[in-house]
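K.L.:
The sequence shown lines up with residues 0 to 157 when you count with numbering that gives the first Met the number 0.
Incorrect hints may appear among the rest.
Pair ranges (Cβ atoms, derived) [said to hold, decoys possible]: (1) 11 x 76: 19 to 27 Å; (2) 147 x 47: 48 to 56 Å; (3) 47 x 143: 40 to 48 Å; (4) 80 x 57: 37 to 45 Å; (5) 155 x 27: 15 to 23 Å.
Everything labelled a hint here was simulated from the structure, so no lab data went into it.
Since we're looking at a predicted model, the values are computed, not measured.
The beta carbon of each residue, even a glycine, is placed where N, CA and C say it ideally should be.
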Amino acid sequence: MTKDDEDGRHSSTIVRGMRSTVGRESTTFGFSILVTVSFGMLQATEGTPDAGRIVLFAAGAVMSFTLLEGILSRGFRRPMPQHRSHVLAVGTSLNIVSVLGGLGAVWLAGTLVSHAAVWALAPFLAGIVYLLLESVETALGERVLAHTGAADADDVEP
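Using the sequences provided together with the hints, build the complete structure.
P.N.:
What follows is the structure, encoded as structure tokens:
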């Protein structure tokens with residue numbers, strides 16, 4: 000066993016691996032769930048898609064991240080800073096809010112739009128809503144930790 004925590008506690012290789020993986024992959028995991036249930040929601044509201052609609056769905060899901068990365072990195076010229084893992088852990092523990100919010104956007108789009116374009120629009124909106132709510136969750140995590148006295152709660156790494 001080796002020390003892996005700032006407070007000097009020891010943990011096994013497996014526990015360190017789990018902590019690293021969960022801390023790093025929480026947002027990705029939540030988005031994967033959202034994409035899966037979004038596809039199911041559209042299939043429930045629109046029926047079984049053909050190959051073209053599946054391609055539209057994939058493009059719409061990817062474009063939400065592409066658009067926001069382009070905007071937030073100022074045209075892909077600035078690094079995207081990351082909060083420390085303990086801030087992300089608090090924020091992403093609320094993933095149910097961002098996943099259900101994104102799914103609500105899909106349901107709304109599927110209910111209001113009856114055109115093939117909904118297969119691109121719905122996952123795009125879901126991604127935008129998910130990322131906005133995930134950002135609110137991370138900000139909440141930062142505030143909770145700052146309130147408990149964590150001096151580094153608002154630190155970000157480039």
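K.L.:
All hints, please: hold or fail.
P.N.:
Going down the list of hints, with the structure as the test:
Between residue 11 and residue 76, the C-beta spacing of about 42 Å breaks the proposed range 19 to 27 Å. As the Cβ distance of residue 147 to residue 47 is approximately 49 Å, the hint placing it in 48 to 56 Å holds. Between residue 47 and residue 143 the CB atoms are about 43 Å apart, so this pair conforms to the stated range of 40 to 48 Å. As the Cβ distance of residue 80 to residue 57 is approximately 28 Å, the hint placing it in 37 to 45 Å is violated.
Between residue 155 and residue 27 the CB atoms are about 19 Å apart, so this pair conforms to the stated range of 15 to 23 Å.
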